[in-house]
Every structure is written in C-alpha cells, then in structure tokens.
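First residue of the sequence shown: 515, per my numbering; consecutive thereafter.
In the EDC-like style, the derived pairs of lysine to aspartate or glutamate whose C-alpha atoms are separated by at most 16 angstroms in a straight line are:
id, residue 1, residue 2
1, K546, D532
2, K615, D646
3, K615, D548
4, K615, E571
5, K546, E618
6, K615, D642
Everything labelled a hint here was simulated from the structure, so no lab data went into it.
The structure displayed is predicted, hence computed values, not measured ones.
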Amino acid sequence: MGTCGFLATQIDLFMLNDRVFPEWERLDAHAKADASCLNGRLLVHYLVPGTQHDFREGFAGGEGGLWATPTPYSSDDAARYLRFPCPQVARTHAILIDPTKVPELRGPRRVQRGDGLEFLLPLGVPADAILDQTEMEVR
Numbered sequence: 515m516g517t518c519g520f521l522a523t524q525i526d527l528f529m530l531n532d533r534v535f536p537e538w539e540r541l542d543a544h545a546k547a548d549a550s551c552l553n554g555r556l557l558v559h560y561l562v563p564g565t566q567h568d569f570r571e572g573f574a575g576g577e578g579g580l581w582a583t584p585t586p587y588s589s590d591d592a593a594r595y596l597r598f599p600c601p602q603v604a605r606t607h608a609i610l611i612d613p614t615k616v617p618e619l620r621g622p623r624r625v626q627r628g629d630g631l632e633f634l635l636p637l638g639v640p641a642d643a644i645l646d647q648t649e650m651e652v653r
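Build out the structure end to end from the sequences listed, making use of the hints.
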C-alpha cells in the first residue's frame, strides 16, 4: 500500500474527527451530513474506464446513488482503500464534486473491508456540482 494514500486517509480521519461512522453502519436518514464537515474540501468519485460521461445533466450514479470520498488516491490505492466492485478494473479517471451543491450527503463512514472513507450521495450530483464538467486522469 502506498504511503501517500495512508497519510491522506489519516489526515481526513483527523479532519472529520468523531463524525466518522463505523463500516457496518447503514447510511440511512440518521447519517445525513452537512457539507461543512468537510471544511471546504471537495469529494472525489472514481470512474469506470471506457464509459462515456456527459456531465452537462449531472451524474445520477445509478440505483442507490453515488459514492465519493474526500481522499484523493492513486488509481492503485483507490482500489485498495475504497474496495471497488470489480477491483481488477483500474479506475483511471475521476470527477471532483463540490459537496455544498449536492442535494443530499450521507456519511462519512469507513469503507467496508477497506481503509478509506466514503460518503453516499443518494440523489446523485447535479451538473453545477461537478467541477470543470470533465473527468481528470488519475495515476
């Protein structure tokens, strides 16, 4: 595991202090968060490669919402810390999300069987919450 990923996660844990739910906690209504807990930080959502993305309409994230983290990781570290479904598929791109423009934010919680932190955005992300309306490459 990369040292930078570990340090970045520890800094985010320190920033979020006692607001982090354990990994087994369900992120339902009682886990709603206010974007102010992120102290101005953005959220990162890693994308499956080869998927066409048009962010002008926002990003629904499919059934159940969209998952994002406050912690930037390399592509390799993201798979380990965030425990993606199909971890053999490297997430080589990500979008940055302004949490103050997201209609509903739940979390943060520790990733199940992982070491990272995650937020659930059950209503997806409106277009104006996606910075630069484009994805960026992650290495």
